[in-house]
Every structure is written in structure tokens, then in C-alpha cells.
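Chemist: Sequence:
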Amino acid sequence: MLFDTHTHLDAPQFDEDREEVIARALEQGVSKMINIGFNRETIPSTMKLAETYDFIYAAVGWHPQDAITMQPGDLEWIEQLCAHEKVVAIGEIGLDYYWDTSPKEVQHRVFREQIQLAKHLNMPISIHNRDAHEDVVRILREEHAEQIGGVMHCFSGSWEIAKECLDLGFYISFGGPITFKNARVPKEVLAKVPNDRFLIETDSPYLTPHPYRGKRNESGYVRLVAEAAAEIKGMELEQIAKITMENAHECFRLG
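FYI, the numbering for the sequence shown is 4 to 258, going by the working numbering.
Everything labelled a hint here was simulated from the structure, so no lab data went into it.
List time: in silico DMTMM-like cross-link candidates among lysine to aspartate or glutamate, alpha-carbon distance up to 25 Å:
{"id": "1", "residue 1": "184", "residue 2": "163"}
{"id": "2", "residue 1": "35", "residue 2": "82"}
{"id": "3", "residue 1": "195", "residue 2": "234"}
{"id": "4", "residue 1": "35", "residue 2": "253"}
Please work from the sequences and hints to get the whole structure.
Modeler: Okay, here's the thing in C-alpha cells:
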């Protein structure tokens with residue numbers, strides 16, 4: 004059974020066939036999913052999904068692209084939601100230097116505030132990192148994020164960056180890019196990450212794996228990610244499913 008540790012099933016791309024998409028995921032052996040609520044609009048829809056389906060969990064936080072929209076009351080809102088039994092992480096949080104939507108200093112402040120909240124609540128965090136590897140690791144170190152750990156969502160950095168994240172107690176998560184023929188670096192990183200420290204995800208509806216690249220991604224396609232991971236790791240699909248399920252339970256403290 005597979006665990007899609009990062010998906011956006013509440014995205015508008017699924018408005019016409021959301022139930023069918025979820026059903027197809029179950030048919031592909033995806034028994035658990037974590038949906039991500041990352042701003043004022045997606046947190047309520049994420050919570051609704053988690054309360055509707057017993058196999059869907061929630062992560063709630065403020066995305067770095069939306070950092071400039073965060074108000075003081077929003078951090079209190081996230082804290083309140085973290086008491087819900089289906090909320091398993093604060094995220095996705097972090098830094099994004101690709102999209103010029105929030106000033107870096109605002110992203111840094113919002114990132115730090117959410118790490119501090121996670122430490123206060125003893126919750127793992129889900130990290131979004133785009134073109135900001137050094138600053139993400141530096142802030143995680145300065146805020147002593149090793150006290151709570153979490154996951155580097157859809158990791159795109161080098162093995163050197165991955166080692167620093169592993170040293171901080173984080174899991175490294177891989178998605179559709181490891182199925183791309185020209186994706187040398189994520190494949191090399193996955194090959195080196197210890198078997199007890201990696202996860203799989205889709206980030207659907209984005210980052211669709213081969214052979215559906217360019218089309219809408221779905222949680223069911225995490226099976227393709229698992230198959231690619233099995234080839235890279237020299238394992239059977241069933242081994243990858245078992246390992247990543249156990250790792251996800253450990254990372255998100257699901258017992």
C-alpha cells in the first residue's frame with residue numbers, strides 16, 4: 004500500500020472529478036494521503052477533505068509565495084487547527100526565490116515564525132524550497148528545527164544539501180521528477196539517501212511523472228514514482244511501498 008505524502012486534491016483542477024480521482028488513487032493501492040493547506044483559501048478546503056475521508060490527513064501552514072498575505076491572526080488559526088486529530092504537520096512552509104510574489108525578508112520572517120510554532124506544538128514541518136537551498140538550511144539550523152524534524156518536500160537539491168537536511172533529522176521526499184529521463188541529480192540523491200529516510204509524493208496536480216508529463220497529476224500516479232524509486236534503489240515495488248509507508252508513519256507520527 005502506498006502513501007502519497009504531499010498532494011493538493013482540493014485544487015480547482017479537480018473540481019470536475021475529485022471523487023473519481025480519489026477512487027482511482029485507491030485502485031492504484033494508495034491507502035493514505037496528506038493534503039496540503041497552504042494559505043487562507045486552501046486551508047479550509049484541506050480540512051474539509053481530511054474530515055470527509057478517513058485516509059486523507061492534513062498539513063496546514065503558510066506557503067512562502069503567500070507570505071506577504073499572512074496576518075498575525077493566521078498564525079493563531081494554524082495553531083488552533085493543529086489540535087485537530089487529522090492535522091499531522093505544519094506546511095508547506097519555507098522559501099521560494101523563483102516566484103517574485105513575497106519579499107525575501109517577509110518569507111524569512113514567516114518561515115521562522117512557523118518553525119517556532121511547530122517547536123511549541125511539537126509538530127513536524129513540511130518544507131517548500133525552490134532556488135533557496137542555502138538559506139533554507141541556514142534558517143532550519145538557526146531555529147533548531149532538528150528538535151521537530153519533518154520532510155523536505157519534492158527535494159530538488161544536491162546530495163550535499165540533502166546530507167545537511169538528513170543531519171537535521173529531516174526525511175527527503177521525491178516526486179515525479181525521478182521518473183524524468185534527464186533528471187540526473189534527483190535520481191543520484193535518491194540512490195544515496197538511506198532507506199529509512201525517504202518518502203514519495205505526487206504534489207498533484209503538479210509535477211506529473213512520465214509518461215503523463217505535461218498533463219494533470221493525480222495521487223494515483225505516486226505508484227509511478229514508487230516504481231521509479233524501486234528501479235533506482237534496486238528493489239521490488241512492494242519493498243518501496245513498505246519502506247515509504249513505515250517512513251511516513253514515523254515522520255508524521257502516525258503510530
